[in-house]
Structure formats: C-alpha cells, structure tokens
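J.: Spelled out from the first residue to the last, the chains are:
Number of protein chains: 2
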Amino acid sequence: MKTLPGFRDFYPEEQARRRALFERWAEVARAHGFAEIDAPTVEPLDLYRKKSGDELVGQLFSFTDRGEREIALRPELTPSAARMVAAKHRELRRPIRWFSLGSFFRLERPQRGRSREFCQFNCDLFGISGAAADAEMVGLLIALLRAVGLGPQDFAVRLSDRSVWNQFVAGAALPEESTVALLQAVDKLGREPAERTDARLLAAGFEPERVRSFIDEPCENDPIFSDLRRELDQRRLTEFITFDRSVVRGLAYYTGVVFEAFDRKGELRAIAGGGRYDGLVAKISDGAADLPAAGFAIGDVVIMELIEAKALPAASIQRRADQLLAGQVFLVIADEIARPHALRIASDLRAAGVRTDFALGSEKVTRQFQAAEQAGCSLAVVFGAEWPRVKIKLMATREEIEIEASALYERIGDLLKIRRLENPNLQ
Amino acid sequence: MKTLPGFRDFYPEEQARRRALFERWAEVARAHGFAEIDAPTVEPLDLYRKKSGDELVGQLFSFTDRGEREIALRPELTPSAARMVAAKHRELRRPIRWFSLGSFFRLERPQRGRSREFCQFNCDLFGISGAAADAEMVGLLIALLRAVGLGPQDFAVRLSDRSVWNQFVAGAALPEESTVALLQAVDKLGREPAERTDARLLAAGFEPERVRSFIDEPCENDPIFSDLRRELDQRRLTEFITFDRSVVRGLAYYTGVVFEAFDRKGELRAIAGGGRYDGLVAKISDGAADLPAAGFAIGDVVIMELIEAKALPAASIQRRADQLLAGQVFLVIADEIARPHALRIASDLRAAGVRTDFALGSEKVTRQFQAAEQAGCSLAVVFGAEWPRVKIKLMATREEIEIEASALYERIGDLLKIRRLENPNLQ
Chain W
1 MKTLPGFRDF
11 YPEEQARRRA
21 LFERWAEVAR
31 AHGFAEIDAP
41 TVEPLDLYRK
51 KSGDELVGQL
61 FSFTDRGERE
71 IALRPELTPS
81 AARMVAAKHR
91 ELRRPIRWFS
101 LGSFFRLERP
111 QRGRSREFCQ
121 FNCDLFGISG
131 AAADAEMVGL
141 LIALLRAVGL
151 GPQDFAVRLS
161 DRSVWNQFVA
171 GAALPEESTV
181 ALLQAVDKLG
191 REPAERTDAR
201 LLAAGFEPER
211 VRSFIDEPCE
221 NDPIFSDLRR
231 ELDQRRLTEF
241 ITFDRSVVRG
251 LAYYTGVVFE
261 AFDRKGELRA
271 IAGGGRYDGL
281 VAKISDGAAD
291 LPAAGFAIGD
301 VVIMELIEAK
311 ALPAASIQRR
321 ADQLLAGQVF
331 LVIADEIARP
341 HALRIASDLR
351 AAGVRTDFAL
361 GSEKVTRQFQ
371 AAEQAGCSLA
381 VVFGAEWPRV
391 KIKLMATREE
401 IEIEASALYE
411 RIGDLLKIRR
421 LENPNLQ
Chain H
1 MKTLPGFRDF
11 YPEEQARRRA
21 LFERWAEVAR
31 AHGFAEIDAP
41 TVEPLDLYRK
51 KSGDELVGQL
61 FSFTDRGERE
71 IALRPELTPS
81 AARMVAAKHR
91 ELRRPIRWFS
101 LGSFFRLERP
111 QRGRSREFCQ
121 FNCDLFGISG
131 AAADAEMVGL
141 LIALLRAVGL
151 GPQDFAVRLS
161 DRSVWNQFVA
171 GAALPEESTV
181 ALLQAVDKLG
191 REPAERTDAR
201 LLAAGFEPER
211 VRSFIDEPCE
221 NDPIFSDLRR
231 ELDQRRLTEF
241 ITFDRSVVRG
251 LAYYTGVVFE
261 AFDRKGELRA
271 IAGGGRYDGL
281 VAKISDGAAD
291 LPAAGFAIGD
301 VVIMELIEAK
311 ALPAASIQRR
321 ADQLLAGQVF
331 LVIADEIARP
341 HALRIASDLR
351 AAGVRTDFAL
361 GSEKVTRQFQ
371 AAEQAGCSLA
381 VVFGAEWPRV
391 KIKLMATREE
401 IEIEASALYE
411 RIGDLLKIRR
421 LENPNLQ
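Protein chains in written order, with the working numbering: chain W, 1 to 427; chain H, 1 to 427.
Incorrect hints may appear among the rest.
Heads up, the list lumps identical chains together, so a pair's fine if it works in one copy or across two of them.
Okay, derived cross-link-like pairs now, DSS-like style, lysine-lysine, Cα gap no bigger than 25 Å in a straight line [stated by the list, open to error]:
#1 K364 with K391
#2 K2 with K283
#3 K2 with K88
#4 K2 with K50
#5 K88 with K188
#6 K88 with K50
#7 K391 with K188
#8 K393 with K417
#9 K2 with K393
#10 K88 with K417
#11 K265 with K188
#12 K417 with K391
Calculated from the structure, these hints are not laboratory results.
The whole structure should be built from the sequences, with the hints applied where relevant.
T.: Below, the structure is given as structure tokens:
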C-alpha cells in the first residue's frame, strides 16, 4: 500500500519544518494586516472553467458526484476567494486582505518541484487598485520570502504588466484570440522548444523575432512601470525586483501587474506567482459585485527545496521545527510504587503546557534515561522509593537536584524558564 | 456561484476561532508527546474498502482518475497513518505518537453537526497495547476538550470494549457475520427506529430483549474494565468517564477499547470517537509490519457548536481568536509629503512582526483614525508636516505623545510591551 503517484506522506521531521514555515508566514501576513480565511477543497467545476485558463482546466481532478454535479478538486484559491468576496462585499471592511493555507491539486506528471497535491499560501487584496496596492502585494511576497531567511542574493521578483502586451498589439487590428495566443506563447517561452513557441506566434499572427526583441529590450524605464517603481523604491524593495516583459503568467484572469518570484540561480521552477485580476469578482458574481483585486500564491514544494538546499539562511525555520518536536520533561519511574504519583504529576505538567513524557510500561531506568535523551527532554525527574522526595536531573550537565515533590512544579517552571506555569485545570 | 451543498466558506472571524482551536489542540498534543504528521487528501479507494466498514465506504467521494485508478477523497485518517507506520516501522522510535489536522470528506446528507467536508484532529499511538496506552489516549482526548474550556459538566467520555460483546456471543456458536451484524445494530441503537434495530438483531440470531437488558446492566465493575479503570483513576479522570456497553463504534477495524465523547445534554452528535485497532497495520501492510494501535478523531463541526453555545468557558479560544485578528499600529498620514517615511517605517515594523496598517491612498485624517479603531489598533502614529517629529496616539486613552521619528521604533516596542523588537531585515 503506497500513496498515489504524486501524493506525499509527511513524517514528523519534515512536517515540523512545514509547520514552522506556515506559522512564520501567517505571522508575516498578519503583520501586513491580512486575516486568514478558508474555502472548500472541492468546488463546482464551472468555477474554474473559462476563468482559470486552459492550462489549469486541462489539469483538473474533476468528476461527477452522485447528484450528477461536475465537481473538481481545487487547483487554486483565487476563484473561491473571489466568490467569498462577492457574497459579502457589502459587509466586509475594505480593503479586504485575506490569506489562507491549504491543499491544491493538479493532475500533471509528477516531477521535481511538482506534486499532484501541494500546499499553497495565498494572499489577496480586494477593493483597491493602483500602484500602491500592487506594491503592497509585491512587498508582502518579498517579506514572506525574507522571513524564511532568503535574501536578494537568493531570489528575485520578475515583474511586468499585461498592458505591456496590449500596447504591443495595439493598432495591429488582430482578433482578441490572437492576444490570448500571444500571451500563452510568451508564458511558455523557455519552458518549451523555441520552434514550438515560434509556430504558436506565427499562427497568432506575430513575427517571432519582433516578439523576442521586444522582450529583450530594457524595459524598466517603460512609463507603464513608473508609479509602481516609485512605490517599490519607497518600500526599499528595488534590489529584489527585475522588470521583465516575458512574465505574463498562465492564468486567464490577470488584467494588470503580473509577477513571479524565482531563485537567482534559475535552477528551480517559480517559487511564487501572482498579479492583478480586476474583472474576476464581477465575472464570478455575474456583475453583482465588482471589486478590483490582486493576489499571489506560494507553493510549499519549491520553497522547501530552496530551504533545504541552503541550511544556513533557513536556520530560524529549522530551529522552530526542532522546538516543535522536542520534549521538555521526562518522568523516570525508578520504582513502580511511585507510578501513580508520576502519572498525576504528568497530567498537571501537561495541562500547564509542559511537554512531558514517561514510559507507559515498566522499563529499566537506563532505558528510560535513553528515551528522555532521544525525546530531546532537558529535564528528567526520577520517581522512586524515596517518594515524596524526587530527583531532578539536568540532562545537559548531568547535575542532580533532590527536592520535595511538593516543590517540583515550581522548580520545573524555574528550570524551563517558563515565566508562570499555569494549569487551567487546577484553578 | 455558491459552494457545493455541504461545503463551507470560512470568513476571518470564524476562521480565527478555528485557528485558535487548532493551535491550542496542537499545543496540548505536543505536551503529551505527540508529533504532527500529514498524509494525502486523496488515496487509493482500496485503502478504505474492507478496512473502514460499510458505513464509511458507502459515503465515499470516489472516482476513477485518468490512469484508471479508483481513488477516494479520504473519509478518515487512520488507514493512511497505519500505512505510514508500516512503511517506516523499523526506523521510527516507539511508541509512535502522531497527531494531525486536515480535511476529510463524507458524501452524506448535509445536516446539523455534519458537513461533507470537515476538519478532524487525529491522534494515534502505535507500538504499545494495554490499559496504560488506552488510558493515555482517553486522557489526551479529555485534555483536548478541557483545553477549550469544557469541563465534566459539559461532556463525558462513554467507554466500552468490543470484548464485552465477544463474551456476550461466546458459546452461542453463531457465525462471525452474526457478531458483525450485532455490533452494527448496537452501534445504531438510538439513531434508528427501535423496530429497525430489533429486526437487525433477530436476523442476526439475537433476542432484542436480551441485548437491551445486557446494555442496561451496570457494567463499570465488569472485570474487563478493571485495569483501565485503575489507570484512569490514577490520572484523576473518573469524573469524565461513563462505562457504557452500547458504545461499539461503527468502523470495522476496532479490536478492543472503544470510546466516544458526547455533550452531557445529549443534544449534539458525538464530539469525538476512537478506540484500539490492533490488527490494522498488519492488514494494510499484508503482514509486513504488525503494531498494536489506538487512536481517535475530533471533528471541528460539533465542537464549534459547543464552543459557540457556551461563550464563557471557551473564552480563551475567543480571546486568542480576537488577538489573531487585531491590528497593533496604524500609521496615519496627515500630509502626503510624509508618506515615503511612513512606508519605510511600516516595512520596518512589519518585518519586526508588529501588525501595522495604513491607508494605501490619500484619505481624510478622521477616516484614517476610524480605520485604526476598526482594525483594533492600540496605537496610531501621525505623520505630517512636522516630520521628523511624529505623534503617537494611544487609542484607548486618546493620550498623545510627540517624539522624534528616530525614537519611534523603540517607543512602539515599549508601548506594545514587546520585550525586544527585532527586525531581522535590518541586521
């Protein structure tokens, strides 16, 4: 019995790193004024059809339920978030700033940096447009990556605006499908053979050389970017930014600024991506609500590769992960006669939030000390025939302190540097 | 556009309560020595078929993927956790204590206390059997419910052992299907019409009256429970326990102790349920690994109803939820000339973890103060023409302090009582 291909089990050490990462990201998002939401894992297929773009829809896990509804495992959050905004847009305080963390699904060939189920951290800002709002989102993305220890030498945000291409095609009197095909071809640049891209461009009515040289032109002084550049400058984010016309993003709904974060070495897939999608709320609500919006998502797969590749910068994540896994106090039962006392004290310590462990059955004292060490406990308390006196052993120094059991609770609090050991069940 | 029936959107206030609940539960599980794991949301259908029992399998969201595999949205965690243990049973330190939090799916009629997608907090203990291990699990369940503010007046754990029924049928020389049918009938007692249960029992070869009177007999002194009773006594858990032979649990794989937590008023569905399932790891691994196991799950739906019904006991969850949502500092931009300074300081404060907010566009000062209040900020800092001097306003008392901007960072740290305001990006 194995997982399905492209699905993953997470054992405690890897899960602790993910938890540390997710906790940190939630803190950073809250510091930026974002509040957490959650949405269903399964949605009507129609939520994605026509909205997300062909690439996503072709990779959907979709099926028909017993009520003959076509449903899909969500491939992304944005359409659900847009629906939530539309449903309560009158009551929600603006701007609406939401983040969420959840599982998403794409039925694509499992490969490095891609799995069929992955976690995404999503951030969206509704109800405000303009360069300041775009800069807020780019700034939040950069803050999230810096918070895990990555710096300007590790990643950059490639940034563009779909209007760049609207200007490019302006006056060419081509049908709208041509622009869509152009964007799709540009999105696939460097990810598919050049001949393939060229064929796409020619079919859409564009000269490949003209497209390539437009992309290669320096564009950071393009007036399209001037407001955003100023906003990013004021936030001191310039060193993280590369203006790059080849960035268009694959999803159909983007209308303005688009961006993606990638590793500077260029070895990995995009770490994150997003942009402005001003029409989506109106489209999903059939015009009942119409709010400008911008957002992005960071997946867990590429960022974890990046964290694991650079042990040092991600030290704070690993430190927190170690902390999540470590025990604190091990109760060594040297004489079974004292077990009931140890059990009672274990309950009290645990109720006070102290990570407390003990052997569930009778075991040799040396084995119990071994278990204390393996669990990462800093203190062992020995319960034996000398009850009501107990011995505290500091695992690091092997120092021993013998005290009355009645003083144990306070002493453990001191030794673990817990400011006030509170047991809500004993009050 | 709506969610599918039985699926839910979670807006910030409700999500904050859930997050506070999940955080608290994770702390309690860690205090008991449990480490977090995660497993796929989608699994091969065969993982549940024959293992989980007919009731669950009949409610599966299952479908055939493009590789013609039969797959299912997970209805429960236990089979996945058993597979994970089997796959690494040689490397994992025993006893293996795991918890996890995730979404699960059942295709049943949406109704009060039941949704088609729900969150479950799962705890499992592998590698040890016996009353001490069972008591650990029951004790952890009780600690998780107490941690959200529920006491012995709010809930009880109804406890039994499947062996009770093995003894009941012993000597009756009935086929094994009869025992299975008996357990299913007992599990449905009180949840389906009495005539239906009676018909099931008669069909299985049991006299309904004999079964009912067996259930009604006081059973707490049954020798089957004596070791467990002693272990629970030593943990001072007796006041939470009711021994009750009618508890058998619907899942097929339980082999020993079974239990469920329910509200004392009896108004809601079971809050949590679990038991011992010693054969499952061997069954799932075709005998490659064979570890005893016990576990339980708490869903989020019933517990949230219980929390919301009793505002007072759950005060700590609500307090934490409020904290998760509240802002701390609002930067009021009284003169646009000072905006760049405010932006820079916002970046610094946010990088230091301070929840900092400001208006993204030019707005009247009174509106900005309003926004500060609505966001729950305790401080407003006014940036105006007097830069580099700024005013801090304490939102609660309306007190104002004018200081040099260079001292702002430290002053905010003092006022928010943050021991040390650290900005990792500035070092």
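J.: Just pull the numbers of the violated hints for me, sorted ascending.
T.: 5, 7, 9 and 10
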